[in-house]
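Sequence lines, in order, name chains A and B.
Residues in the first sequence are numbered from 0 upward in steps of one, following numbering that gives the first Met the number 0.
Residues in the second sequence are numbered from 0 upward in steps of one, following numbering that gives the first Met the number 0.
You may find that some hints are simply not true.
[To be verified] Computed footprint of chain A on chain B, listed as stretches where at least three residues anywhere in the stretch have a Cβ under 8 Å from a Cβ of chain A:
(1) 19-27
(2) 106-112
(3) 142-154
[To be verified] Simulated crosslink set (DSSO-like; lysine-lysine; CA at most 27 Å straight-line):
(4) A/Lys174 to A/Lys114
(5) A/Lys137 to A/Lys174
(6) B/Lys183 to A/Lys137
(7) A/Lys137 to A/Lys114
(8) A/Lys137 to B/Lys16
(9) A/Lys114 to B/Lys16
The hints are simulated quantities; they were obtained by calculation from the structure and are not laboratory data.
Beta carbons: idealized from backbone N, C-alpha and C, even for Gly.
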Amino acid sequence: MSAPALAIAALSKTFDRPVIQGLDLSVRAGEFYALLGPNGAGKTTILRMVAGLLQPDSGAISIFGIDARRDPVAAKRIVAWVSDEPMVYDRLTPLEYLEFVAGLWQIDAPTARRKAHDLINWLGLAPHANQLCGSFSKGMLQKVALAGALVHDPRLIILDEPLTGLDAGSARQVKDVLLGKVREGGTVIMTTHILEVAERMAERIGVISAGRLIAEGTLAELRTRIGGGQQSLEDIFLDLVARSAPDIAAA
Amino acid sequence: MNAAPTSLVWFARHELKLAWRDWLAMMTGGQLARRLVLILFGLVAAGVFHLLAYGLVRPWVTAGITPDKPTLVLLTGTGILFWSVTLSQALESVTRVYYARSDLDLILSSPASSRRLFAVRTGAVAITTMALSALLVSPLINMLALLDGPHWLAAYGLLAAAGAMSTAIAVAITIALFRLVGAKRTRVIAQIVAAIIGAGFIIGIPPAPPWETGGRLHSPHWRALAPSPP
Numbered sequence: 000m001s002a003p004a005l006a007i008a009a010l011s012k013t014f015d016r017p018v019i020q021g022l023d024l025s026v027r028a029g030e031f032y033a034l035l036g037p038n039g040a041g042k043t044t045i046l047r048m049v050a051g052l053l054q055p056d057s058g059a060i061s062i063f064g065i066d067a068r069r070d071p072v073a074a075k076r077i078v079a080w081v082s083d084e085p086m087v088y089d090r091l092t093p094l095e096y097l098e099f100v101a102g103l104w105q106i107d108a109p110t111a112r113r114k115a116h117d118l119i120n121w122l123g124l125a126p127h128a129n130q131l132c133g134s135f136s137k138g139m140l141q142k143v144a145l146a147g148a149l150v151h152d153p154r155l156i157i158l159d160e161p162l163t164g165l166d167a168g169s170a171r172q173v174k175d176v177l178l179g180k181v182r183e184g185g186t187v188i189m190t191t192h193i194l195e196v197a198e199r200m201a202e203r204i205g206v207i208s209a210g211r212l213i214a215e216g217t218l219a220e221l222r223t224r225i226g227g228g229q230q231s232l233e234d235i236f237l238d239l240v241a242r243s244a245p246d247i248a249a250a
Numbered sequence: 000m001n002a003a004p005t006s007l008v009w010f011a012r013h014e015l016k017l018a019w020r021d022w023l024a025m026m027t028g029g030q031l032a033r034r035l036v037l038i039l040f041g042l043v044a045a046g047v048f049h050l051l052a053y054g055l056v057r058p059w060v061t062a063g064i065t066p067d068k069p070t071l072v073l074l075t076g077t078g079i080l081f082w083s084v085t086l087s088q089a090l091e092s093v094t095r096v097y098y099a100r101s102d103l104d105l106i107l108s109s110p111a112s113s114r115r116l117f118a119v120r121t122g123a124v125a126i127t128t129m130a131l132s133a134l135l136v137s138p139l140i141n142m143l144a145l146l147d148g149p150h151w152l153a154a155y156g157l158l159a160a161a162g163a164m165s166t167a168i169a170v171a172i173t174i175a176l177f178r179l180v181g182a183k184r185t186r187v188i189a190q191i192v193a194a195i196i197g198a199g200f201i202i203g204i205p206p207a208p209p210w211e212t213g214g215r216l217h218s219p220h221w222r223a224l225a226p227s228p229p
């Protein structure tokens with residue numbers, strides 16, 4: 000059996016209060032996984048620890064069998080991280096940006112250039128390939144950032160709220176790209192507040208509240224968990240969070 | 000020539016490209032006419048500053064510069080005053096270059112060495128700090144070299160050393176603040192410290208050139224504190 004794309008065990012992180020508390024989470028290779036939770040639940044903190052941007056206080060993170068805490072460089076080689084406010088240099092063109100990002104993953108210049116061209120064409124950015132990114136709309140910037148995440152062919156793509164603020168056309172294109180990567184065998188973990196997106200795209204959904212995984216499974220499994228029926232993910236989510244509140248308060 | 004990705008040269012080229020484009024956009028808005036005006040303005044400003052420096056330095060040179068105790072106290076005091084400006088500038092720059100590009104998430108989530116990136120950025124701060132101090136002091140040094148001899152050009156070496164020292168201290172202060180108060184508050188506190196140090200320079204400037212008026216640096220108190228020249 001192949002190693003899971005992501006295996007988190009007993010992960011904890013405290014800032015001025017405990018943010019993540021003994022979290023266990025596993026994402027299978029080739030899976031589209033949505034991580035949901037109310038504001039401040041700890042979703043971004045979890046993803047930042049997986050991406051190597053934050054040090055956990057305790058616990059283990061394994062990415063395709065690589066211990067990310069012991070060998071972060073090896074783990075980072077196969078991971079891409081797109082934050083909720085992706086940074087794209089204003090003074091670079093998309094081609095220059097993608098070549099720079101490819102360089103960060105030590106892809107040689109000719110290969111980087113070829114991949115950058117391919118991605119720019121694929122995402123419909125070819126007419127803007129030589130314009131500075133500073134003049135781009137939010138949707139175009141998100142596409143450039145997504146192209147940056149894909150330029151080194153990561154096995155695990157982590158996205159924090161990738162669809163926030165995008166118009167319908169751009170959102171559709173981003174979703175198609177992500178589903179395409181999963182079809183090719185990639186693994187995607189995404190947080191989103193747009194529950195319809197999680198409902199339609201994700202194979203499994205994890206619900207986080209106050210730094211704990213309170214429920215996990217397919218949409219059908221989550222429905223069963225709250226008593227069956229044909230509730231929307233929004234109803235399920237609100238129900239699960241409300242049910243967990245007394246436990247969390249007691250803890 | 001292509002540098003190997005994530006090497007020091009590769010990061011330096013990336014930083015230089017961004018800095019150059021930022022500067023050019025800020026100064027010229029991408030217009031050729033403004034670029035020409037900027038070059039012309041720079042040349043005129045350099046000429047005016049050198050004329051001012053000539054007016055300041057000439058009486059001193061005419062009277063004869065001797066390396067006696069008051070002169071050494073004066074030069075040391077002036078040097079420390081200018082150094083406080085470079086320290087203030089370096090503190091501001093260190094926090095700005097570490098934070099302002101907002102690209103640390105991208106770079107730190109990659110397998111690239113963050114040490115190399117910070118080394119390049121720290122080097123860039125040192126160079127800009129040296130450039131700022133050179134901008135302030137070079138007319139005086141050039142005029143002294145012209146009127147009294149080329150040995151004054153050695154002051155550029157002193158400027159480089161002062162810039163490097165300011166940057167090292169600024170980095171140390173920033174790291175200490177990072178550990179003490181966290182990343183979010185570091186920038187604000189560093190800017191306040193930079194402002195206080197900068198204000199110290201303004202307070203410390205004598206109202207007129209000290210070699211003409213005697214100034215604070217010629218006070219008997221300072222002379223008594225200073226060691227005698229060899």
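Hints and how they fare:
1. For the region 19-27 of chain B, the stated coverage by chain A holds: 3 residues have a C-beta nearer than 8 Å to a C-beta of that chain, and at least 3 were required.
2. Only residues whose C-beta sits within less than 8 Å of a C-beta in chain A count toward coverage, and the region 106-112 of chain B has 6 of them, enough to reach three; the restraint holds.
3. Under the rule that three or more residues need a Cβ within less than 8 Å of chain A, the assignment of the region 142-154 of chain B is violated, with 0 such residues.
4. Straight-line distance between C-alpha atoms of A/Lys174 and A/Lys114 comes to about 20 Å, which keeps the hinted pair within the 27 Å bound.
5. Distance hint between A/Lys137 and A/Lys174 is fulfilled; the C-alpha atoms sit about 16 Å from each other, no more than 27 Å.
6. A C-alpha spacing of about 26 Å is found between B/Lys183 and A/Lys137, which places the hinted pair at or below 27 Å, so the restraint holds.
7. Using a Cα cut-off of 27 Å, the hinted pair A/Lys137 and A/Lys114 holds, with the two alpha carbons roughly 23 Å apart.
8. Of the supplied pair hints, the one linking A/Lys137 and B/Lys16 holds, its CA atoms being roughly 24 Å apart against a limit of 27 Å.
9. Proximity of A/Lys114 to B/Lys16 is assessed by CA-CA distance (about 22 Å); at most 27 Å being required, the pair is judged to hold.
Comparing the model with each numbered hint stated earlier shows that hint 3 is the single one that does not hold.
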